[in-house]
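Student: For reference, the chains in residue letters:
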Amino acid sequence: MIQLRNITKHYPVGFGKHEILKDVDLTIHEGEFVSVMGPSGSGKSTLLHILGLLEEPSSGEYLFQGELVHRMNDKKRTQLHRGAIGFVFQAYHLIDELTVYENIETPLLYKNMPSSERKSKVADILDRFNIVAKKDLFPNQLSGGQQQLVGIARAIVGEPAVIFADEPTGNLHSDQAREIMELFAELNKKDKITIVQVTHSDVNAAFGNRIIRIRDGQVL
Amino acid sequence: MFRNYIKIAWRNIWKAKQVSFVNITGLAVAIAVALLLCLTVYREFTFDDFHEKKKDIYQVYMDEYYPERTSSKANMPYPLAPALEQEIPGIKAVTRYANDGTHVRVDDIMEDVSIRCVDSSFLQMFTFPAVRGQLQLGLNDVIITEETASHFFKEQDPVGKTMTLSRGDKWESYRVSAVLKDPPSNSSLDFDMLMRIEQWAYYAENHDEWENFSLATFVQLMPGVQPESFSANAKAFLDKHYAKKLHNMKNDGARPGKYGGLMHLGLIPLKEVHFSKISSLGNSNETMMFMMFFVAVFLLFIASTNFINLTVARAFTRAREVGMRKMMGAGKTQVALQFCGEALVLFFIALVLGALLAFILLPQYNALLNYELSFSILKEPKVLAGIAGAFLLVTLLAGGYPALLLARSGTLQILKGKISTGKNNYLRNSLIVVQFAFSSLLICCTLIAWQQVNYLRSKPLGFNTEEVVSVPLGNVQQSLQVVERMRMELAQRPGVISITSADNNFGRGRDGSTTVAKVGFRHKDRELESNWLNIGYDYVKTMDLQLTGGRDFNRNMGTDSSGLVINERMAAELGEKDIIGYRFRFDEGEREYHVLGVVKDFHFQSLHKRIEPIIMLMQGPPAYLFVKVRSGNLEASMKTVERAWNEIVPGAPFLGSFVNENTNRQYNRDRKLSQIFVAGAVLTIIISCMGLFAIAMLAIGQRTKEIGVRKVLGASVLGITTLISRDFLKLVGVAILIASPLAAWMMNEWLKEFAYRIGISWWIFAVAGLMAIVIAAITISFQSIRAALANPVKSLRTE
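Top line first, the protein sequences correspond to chains F and W.
Position 178 of the first sequence, counted from 1, bears residue number 178 in full-length UniProt numbering, the numbering being contiguous throughout.
Position 57 of the second sequence, counted from 1, bears residue number 57 in full-length UniProt numbering, the numbering being contiguous throughout.
Please keep in mind that the hints were generated in silico from the structure rather than gathered at the bench.
You may find that some hints are simply not true.
[Stated by the list, open to error] Pairs of lysine-lysine residues, derived as PhoX-like cross-links and limited to a Cα-Cα distance of at most 20 Å, are as follows:
hint, chain 1, residue 1, chain 2, residue 2
1, W, Lys-244, W, Lys-577
2, F, Lys-135, W, Lys-73
3, W, Lys-332, F, Lys-111
4, W, Lys-277, W, Lys-258
5, W, Lys-577, W, Lys-672
6, F, Lys-111, W, Lys-7
7, W, Lys-258, W, Lys-235
8, W, Lys-752, W, Lys-730
9, F, Lys-111, F, Lys-121
10, W, Lys-609, W, Lys-752
11, W, Lys-332, W, Lys-73
12, F, Lys-76, W, Lys-73
13, W, Lys-524, W, Lys-600
14, W, Lys-600, W, Lys-541
15, W, Lys-258, F, Lys-75
16, W, Lys-53, W, Lys-271
17, W, Lys-752, F, Lys-119
18, W, Lys-752, W, Lys-459
Just so it is clear, the structure is predicted and the values come from calculations on it, not from any experiment.
Given the sequences, and given the hints that come with them, work out the whole structure.
Tutor: Shown next as structure tokens:
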């Protein structure tokens, strides 16, 4: 599903350059639950951004579902963001002005889904995550764990093939973190969603079925 | 989707209450004022638009190129119109148009009516449809408007009925042949009654006089005929009818004007008559309309600028939302659309509020500027389309820029809270500079206009303006006798010093009329021109004119009926050494006049004009009565004059006023202009400062951490306040530097309209600049002092 070949990423610093990723070769198959681990500054977030089409590699090839990413135009990428890719963030990044219901509904709006279908999808997700009672609340009225739940609900409502999660439990205490990770594992098993998460915690990484360790921009 | 946008827009507007308040209030006020101003401009520019043949109708004017001056006039001699129709090809119809007015009686109803004397073709040329009767104007017919009909005939059908008009000393009967719809309020041609030009009081003696210029004359050209071809054909026409005059002009050294002749007959398109400086029907000022339009555009621009600045500044706080949306698959257009939608909602609220405000302000506005504007103009589809178009344009421009900015930036960057709004806020800064440049421009204009109007009001005019009552005699019969009886009646009263009369007023009285009478004559091989004023006894004494030689008219001297009192300018033009007692004739073989006295130059016309020569003599009936009263109780003296008037001419309205009221009225237009400046300046400053206030708030919000760190390191409150204010005040300084020369140039152009004017001094710009800086500094200090006083622990905790 995902293939990286000789991916490097560097930023210009003064006259030289600062290398973040060096010659990364990586394959992730459909249905995998991968955890990317490594110390701060090792390049794991950058790797995730490249995988999520948010950043361009400086060199190397990236095939997403068999297609070369650097050949894609903006429209195609937007299409992938609408359909194939979901994101979950450490800081949740919910839209403060929208209610829980509306936050979950937003990706469907961008897919131009008809209203009735949209309603039933959102209702399903709310039901499944047990947050029906909270649907009219705004994000700042929820606890961190609940916000992340909404964040995940929003990421999967569009039925993506892969979810990229950037330290999804970084802001949560351990009980909440466990619930979230159990949810990820369930999504991976039941819904066959490929999951790539960046994490510091060995406990969280254990929920996945593969661990990629990264240090100084290189996959070990 | 759309509902979702509107919902978010609404919540965002609600969430940032302060910023939204600034945006909406500023825009609403700007829209209200712009709406009023634009409606005014629209009304003025659609004057006389209702005539179906407006494209082919023109008013005739004449230029004469004398060696030292060019005289332009739109009043034509009596025989010109019929001669034009016969001798110049391409003319379909011609009409003359003369002002008249008299008492009209029907049974026991008597009223003053304003009459226009026209040729019968008038009704075919102009579009004044008949409600009853036929559009035919016979020699003994009158045509009246619906309003006049309802005054005199109530519900009856007036067609065929008789109306009795006071003509000279007798009453004459006329038959009503038709009733017209009332002329619309945007018509230059306004009347209660039409009658044939042949019935005009002065027609008989002047109908073949080519040197009496007094009738507005309109021509309708054949479709497709150009006014240029008319002027070309008119050359031979002028050569034929003014052979002698042209010969004299040539001998005096006159040179052909820009059209290649010493005289030129031109055409003013009907659409431009309203703005014409030559035509006596032109009473609007194009420059002022453009000023109004510019002020409207300025205001909208400044309010939109606030909107752009605030939206861009707030984009920082909204960056995360946009980033998230893009990550969820929102396209550029969708993001842009969303932000445009927000702008649309906000602008729409402002539009509704603004329209409401304009509606509430309309009566006061009309009263202030003496306009008859009504909101019924809004029913016209063209106006509605214009407003909708302007609304969408402003929304698109003001909403589109921030939208584009956000939609364009990289997803990851905005998600991390980094948005590039251009290096060092160039756009924001230049918009602030432009705002304050407008503000200081208008402050300068206000100061200068105010100084000039004040100067006009306080400049000594060379005659008594404060203690003289001027009473228009109107249509009173036997006015000379009325003046004499007033003289006898008032002579006894304490408080009255002296009484006189004249056939022209000073400035503009409560009767609203003003006339210019001039005489042109040859004197020692030079063509001279002078104003011509018929006065009564004691004129010099009553008006406090200063004799520099000779004497005023005297009742005891029989030969004074051929005497003249002239001003110094006229004396200089005549160029005689012994001017007192100098004898000359205006026309060969006519009566000889002699100069009785010379008075010091005085401003009998407005200060727009230099003092011209004037000849005063005692001939013809008076039109105005002047009473000089003792200073002290002026109000009581006015009452005395009014009582005497009501005794002597019962029934006639008393329209007396002090002369200084009349002379001040001449500058109404200038005062209006300065009022527009003042209002415009105040509004632009308020709206600009509202924007600055909000911008300062947002800018400080972004520097919270810096301010906190500085305070921890020991910066004082004053130090921090200056630190923040300095950046903004620098911009205001740049704005002043840009605005000052512009203001100097603009106001110099305006002052050129006045023959007597103030000089523009440098301190005006210093004062204006200081005002702008102080106002801006106060505005910013609200925010900056609060930021400086805040506990640094709090501001640092947010990081």
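Student: Against each hint, give a clear statement of whether it holds in the structure.
Tutor: We went through each hint and held it up to the structure:
1. Between W/Lys-244 and W/Lys-577, the direct Cα distance comes to roughly 30 Å. Violation of the 20 Å bound is thereby established for this hinted pair.
2. Restraint check for F/Lys-135 and W/Lys-73: not satisfied, since their Cα atoms lie roughly 80 Å apart, outside the 20 Å limit.
3. Simply put, W/Lys-332 and F/Lys-111 have alpha-carbon atoms about 14 Å apart, close enough for the 20 Å limit, and the pair holds.
4. At roughly 19 Å between alpha-carbon atoms, W/Lys-277 and W/Lys-258 fall within 20 Å of each other, so this suggested pair holds.
5. For the hint pairing W/Lys-577 with W/Lys-672, the CA-to-CA distance comes to about 46 Å; that exceeds 20 Å, so the pair is violated.
6. Taking the CA atoms of F/Lys-111 and W/Lys-7, the gap is about 19 Å. The hint holds against a cut of 20 Å.
7. Between W/Lys-258 and W/Lys-235 the CA atoms are separated by roughly 13 Å; this keeps the pair inside 20 Å, and the hint holds.
8. Taking the CA atoms of W/Lys-752 and W/Lys-730, the gap is near 34 Å; set against the 20 Å cutoff, the hint is violated.
9. The suggested pairing of F/Lys-111 with F/Lys-121 holds, with an alpha-carbon distance near 13 Å, which does not exceed 20 Å.
10. The hinted pair formed by W/Lys-609 and W/Lys-752 meets the criterion: a straight-line CA distance of about 11 Å does not exceed 20 Å.
11. Restraint check for W/Lys-332 and W/Lys-73: not satisfied, since their Cα atoms lie roughly 63 Å apart, outside the 20 Å limit.
12. The straight-line distance between the Cα atoms of F/Lys-76 and W/Lys-73 is roughly 73 Å, outside the 20 Å bound, and the hint therefore fails.
13. Annotation: proposed proximity of W/Lys-524 to W/Lys-600 is violated, straight-line Cα distance about 24 Å (limit 20 Å).
14. Straight-line distance between C-alpha atoms of W/Lys-600 and W/Lys-541 comes to about 13 Å, which keeps the hinted pair within the 20 Å bound.
15. With a C-alpha separation of about 65 Å, the suggested pair W/Lys-258 and F/Lys-75 falls outside the 20 Å cut-off, and the hint is violated.
16. The hinted pair formed by W/Lys-53 and W/Lys-271 meets the criterion: a straight-line CA distance of about 11 Å does not exceed 20 Å.
17. The hinted pair formed by W/Lys-752 and F/Lys-119 fails the criterion: a straight-line CA distance of about 72 Å is larger than 20 Å.
18. Restraint check: the Cα-Cα separation between W/Lys-752 and W/Lys-459 comes to about 17 Å, which is no more than 20 Å; the hinted pair holds.
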